[in-house]
Amino acid sequence: MAEQKVTGHHILLRHRDIPDIGKFEVYTAQGGFETFKKAVTSMEPEAIKQIVLDAGLRGRGGAGFPTGRKWMFVDNNNWPHYLVVNADESEPGTFKDREIMDKNPWQFLEGIMCSAYAVGANDIYIYLRGEFWQLAHQLDEQIQKLHEENLLGEKLFGTDYSLNIFTHLGAGAYICGEETALLNSMEGVLGQPRLRPPFPPAVGLYNKPTVVNNVETLANVALILEKGAEWYRSFGTAESAGTKVFSLSGRVKKPGNYELPLGSTYRELIYEYGGGIIDDGQIKGIMSAGASSAVIVATEEALDTPMAYESVPKLGADLGSASVIILDQTVDMRWLINKTIHFFKHESCGKCTPCREGNFWMQNLTTRIWEGGGDQTDVDLLHNVAKNIQGKCLCALGEFSTMAVVSSIERFSEDFKV
Amino acid sequence: MNTLQEKYANEIETILAKYPADHKQSAVMPLLYIAQREDGYVTKQDLVEIGEILGMTSTEVASIVGFYTLYHDKPAGKIRIQVCNDLPCALRGADEFLEKLCENVGIQVGETTEDGLVTIEAVMCLAACDKAPMFQVQTGDGIEYYEDQTVESALELIEGWKTQEKES
Chain A
1 MAEQKVTGHH ILLRHRDIPD IGKFEVYTAQ GGFETFKKAV TSMEPEAIKQ
51 IVLDAGLRGR GGAGFPTGRK WMFVDNNNWP HYLVVNADES EPGTFKDREI
101 MDKNPWQFLE GIMCSAYAVG ANDIYIYLRG EFWQLAHQLD EQIQKLHEEN
151 LLGEKLFGTD YSLNIFTHLG AGAYICGEET ALLNSMEGVL GQPRLRPPFP
201 PAVGLYNKPT VVNNVETLAN VALILEKGAE WYRSFGTAES AGTKVFSLSG
251 RVKKPGNYEL PLGSTYRELI YEYGGGIIDD GQIKGIMSAG ASSAVIVATE
301 EALDTPMAYE SVPKLGADLG SASVIILDQT VDMRWLINKT IHFFKHESCG
351 KCTPCREGNF WMQNLTTRIW EGGGDQTDVD LLHNVAKNIQ GKCLCALGEF
401 STMAVVSSIE RFSEDFKV
Chain V
1001 MNTLQEKYAN EIETILAKYP ADHKQSAVMP LLYIAQREDG YVTKQDLVEI
1051 GEILGMTSTE VASIVGFYTL YHDKPAGKIR IQVCNDLPCA LRGADEFLEK
1101 LCENVGIQVG ETTEDGLVTI EAVMCLAACD KAPMFQVQTG DGIEYYEDQT
1151 VESALELIEG WKTQEKES
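From first to last, the protein sequence lines are chains A and V.
Numbering (the working numbering) for the first sequence: 1 to 418.
Numbering (the working numbering) for the second sequence: 1001 to 1168.
It is possible that some hints are incorrect.
Claimed, not checked - Cut-off 20 Å, straight-line C-alpha distance, at most; resulting in silico cross-link-like pairs (SDA-like, lysine to any residue): (1) V:Lys1018 <-> A:Glu141; (2) A:Lys155 <-> A:Glu44; (3) V:Lys1024 <-> V:Val1048; (4) V:Lys1024 <-> A:Val189; (5) A:Lys23 <-> A:His147; (6) A:Lys145 <-> V:Ala1017; (7) V:Lys1018 <-> A:Glu154; (8) V:Lys1018 <-> A:Lys254; (9) A:Lys254 <-> V:Thr1150; (10) V:Lys1162 <-> V:Pro1075; (11) V:Lys1018 <-> A:Glu44; (12) A:Lys254 <-> V:Asp1148; (13) V:Lys1024 <-> A:Glu187; (14) V:Lys1024 <-> A:Asn184.
To be verified - Just so you have them, the derived chain V footprint on chain A, three or more residues with Cβ under 8 Å: (15) 171-178; (16) 339-347.
Just so you know, the hints here were simulated from the structure itself, not pulled from any lab data.
Built from N, CA and C at the ideal position, the CB exists for glycine as well.
In isolation and in its complexed conformation, chain A is listed as follows (with noise of 0.2 Å):
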């Protein structure tokens, strides 16, 4: 692996600053999971949902939802609640969540206990996608060391607070990422997206209120209840506060996860951290959130916007889960279209209509156009398919299968003359 620069900034990547801190005893020495005995013992959950609310943290999973909101909209009137903690990781270009599970397990565990009180969940539920195998036994053997500590179990630090965590391995199917299509997965059926609303925090597992929130984000939580929401926002923009793992990848000397304040800058993430453009070619594109993001034409004014909720916007694609994949000019956007439409036809859970036949024939044009024998009838009738898609599906899959296609034909009309 490429020699990694120290940001000094790790609030979630703490193994970069600590390198021992995998290990419990180290995780301790540093005060770790006084946080949560001092919430459980001490703490109001409202409480703890204001400060998360206040320190304006944002779920990291891509959609930016205020996290502190959700957890407020959890029905007090139905009982028991459910945290379950999205592990599913399968957004082609990131590869944060296996890090920080795998580098600094315990403040991800801290954080999903301090949750779940606030919360009032006495049962966690870690859903991981199936291929993070040997993951799902190393935290099943950190489970079990806190429930040796006494961390976990039934009337915590003699309180009438119980708390138990279980992993639930997934078998191979991004859709699952898609927080009810994971409610259903964990259920035992097809891991298909429910119809919306309600919202899992009103009906989610089993019926029940339920919180879905993803890795990065709660892996926060203990660290901002302990230093407060004023220490966070110190991080960050305005309107996105703290740090975030940003996982680079593509064409670039130094691929990695780089935890970097929100609001840092394209160009600083690619030629600062990442070392630039492999041979110091040009670049050409950026996508900002994986596989399922428009590519943005890496302009100057690009490269100088800053990595945040409200700034990507205005390039014409979003922050979400902050995978950035670099193009240089080696790169063909009929190549490009033809592999992201390849992964979304493979992965339409084939619910919706538009998605699952749309993403059929989009392929058929993909390979077409870059295989030989397209023509500017299949480039016009890709762009065709593909807005007609959008806004059609239950769930973000079926839109996001569309965003690099029309984003390409559109921005990048050059590579797809004949």
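Let chain A serve as the given structure and place chain V on it in line with the hints.
Relative to the frame of chain A, chain V by itself:
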């Protein structure tokens, strides 16, 4: 007689205890992994037995097998080498890696070596985009990642597995 239930009684009990008693169906995914352990794929008999344990029809269990990529309903090599050639990995040479690996092993993508040991498959993103070319190896016992690979290092691994297989 329910072979799975008899053979893995304790393990199945532990799995069922993770979920509320009236939601046993949640255990279908972990039980499918157990069923795959011996032969690397789920047999028709397994579908029936899992259905019996969880109160599902075998068709319902089969639909779960069909929905996910890590469950298999047909036998293949003991070792499934699953190479990611999705967009981020392909930008770092995964397509060429896959092609050359297959060429050297003497099979096409999706095929199994004559000795029945190795199947090479192309799969979607495995969340290791900064360490391409990479693959995961799926056997009945689980999944392991192999990152920052070259064709040479991958061929060495395969040779190693072949030797192990002969010795066992």
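Here is what the structure says about each hint:
Restraint check for V:Lys1018 and A:Glu141: the C-alpha separation of about 15 Å stays at or below 20 Å, so the hint holds. Proximity of A:Lys155 to A:Glu44 is assessed by CA-CA distance (about 16 Å); at most 20 Å being required, the pair is judged to hold. Pair hint V:Lys1024 plus V:Val1048 holds up; C-alpha atoms about 15 Å apart against a cutoff of 20 Å. For the hint pairing V:Lys1024 with A:Val189, the CA-to-CA distance comes to about 11 Å; that is within 20 Å, so the pair holds.
Restraint check: the Cα-Cα separation between A:Lys23 and A:His147 comes to about 16 Å, which is no more than 20 Å; the hinted pair holds. A hinted pair counts as satisfied when its Cα atoms are at most 20 Å apart, and A:Lys145 with V:Ala1017 qualifies at roughly 18 Å. Of the pairs offered as hints, the one joining V:Lys1018 and A:Glu154 holds, with about 15 Å between alpha carbons and a cut-off of 20 Å not exceeded. Restraint check for V:Lys1018 and A:Lys254: the C-alpha separation of about 41 Å exceeds 20 Å, so the hint is violated.
Restraint check for A:Lys254 and V:Thr1150: the C-alpha separation of about 18 Å stays at or below 20 Å, so the hint holds. Pair hint V:Lys1162 plus V:Pro1075 holds up; C-alpha atoms about 19 Å apart against a cutoff of 20 Å. Distance check on the hinted pair: V:Lys1018 and A:Glu44 sit about 28 Å apart at the alpha-carbon level, beyond 20 Å; violated. Restraint check for A:Lys254 and V:Asp1148: satisfied, since their Cα atoms lie roughly 13 Å apart, inside the 20 Å limit.
The hinted pair formed by V:Lys1024 and A:Glu187 meets the criterion: a straight-line CA distance of about 8 Å does not exceed 20 Å. Taking the CA atoms of V:Lys1024 and A:Asn184, the gap is near 13 Å; set against the 20 Å cutoff, the hint holds. Restraint check on the region 171-178 of chain A versus chain V: 4 residues with Cβ-Cβ distances below 8 Å, three needed, restraint holds. Check result for the region 339-347 of chain A against chain V: holds, 5 residues qualifying (beta carbon to beta carbon below 8 Å, three or more required).
Of the numbered hints stated above, those contradicted by the structure are hints 8, 11, listed in ascending order.
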